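Chemist: Sequence:
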Amino acid sequence: LYKPEDKPQFMDIIALKKTLQELKQHRNKTRIVSFTGTIDNGLSKLEKVEEELRRSQLDATELAQVPVNVLKNLEDCMNVQNVQAALVGNEEQINQQLMSIEKCKEIRNIALSDGEMSIAEEQFYIKAQLLER
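Counting in my numbering, the sequence shown runs from 18 upward without gaps.
FYI, nobody ran anything at the bench for these hints, they're computed from the structure. Because the structure is a prediction, the values reported are computed rather than measured. Cβ atoms here follow ideal geometry from the backbone N, Cα and C, with glycine treated the same way. Treat the hints loosely; a few may be bogus.
Said to hold, decoys possible - The following label-pair restraints were derived from C-beta to C-beta distances:
| hint | residue 1 | residue 2 | range |
| --- | --- | --- | --- |
| 1 | Asp93 | Glu138 | 49 to 57 angstroms |
| 2 | Met116 | Val83 | 51 to 59 angstroms |
| 3 | Thr78 | Arg44 | 24 to 32 angstroms |
| 4 | Gly54 | Asn86 | 32 to 40 angstroms |
| 5 | Asn58 | Ser117 | 47 to 55 angstroms |
Whole structure, please, built from the sequences with the hints as guidance.
Modeler: Now the structure itself:
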């Protein structure tokens, strides 16, 4: 067992609590809402563990290693960008393509009404290239 003069080792548990508190202050506010319960539950459990360790002579170094992978995965999940934000750039690009296609149609229609077949044919090719993108 332990000697009476041994002090409890719980600094790793305090570090875990600090990590959870930092995750609670995460910049991705939409993700925090999803994980608030998990983070709060983890904090309360770690506070209870810390409280028990303060009254003991135990070394919590190994115990503190148990949730490290879970915390890393939790942080990775919170860093994920939501789908709408990720697709904003694509939507803008699609809208630009659609406007370019519409402009090609207008130029082609004007060229056809004026009898300019070479310009109309060129606009068909441009439109086909835009549609392939």
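Chemist: Taking 47 to 55 angstroms as the stated bounds, is the beta-carbon spacing between Asn58 and Ser117 within them?
Modeler: holds, 52 angstroms
Chemist: Looking only at beta-carbon atoms, does the pair Thr78, Arg44 fall within the given range of 24 to 32 angstroms?
Modeler: holds, 31 angstroms
Chemist: Just tell me: holds or violated, for the beta carbon distance of Met116 and Val83 against 51 to 59 angstroms?
Modeler: holds, 55 angstroms
Chemist: For the pair Gly54 and Asn86, does the Cβ-Cβ distance stay inside 32 to 40 angstroms?
Modeler: Cβ of Gly54 to Cβ of Asn86: about 20 angstroms, so the range 32 to 40 angstroms is violated.
Chemist: State, for the Cβ atoms of Asp93 and Glu138, whether the hinted interval 49 to 57 angstroms holds or is violated.
Modeler: 53 angstroms Cβ-Cβ, so the 49 to 57 angstroms window holds.
Consistency note: the structure conflicts with earlier hint 4 alone.
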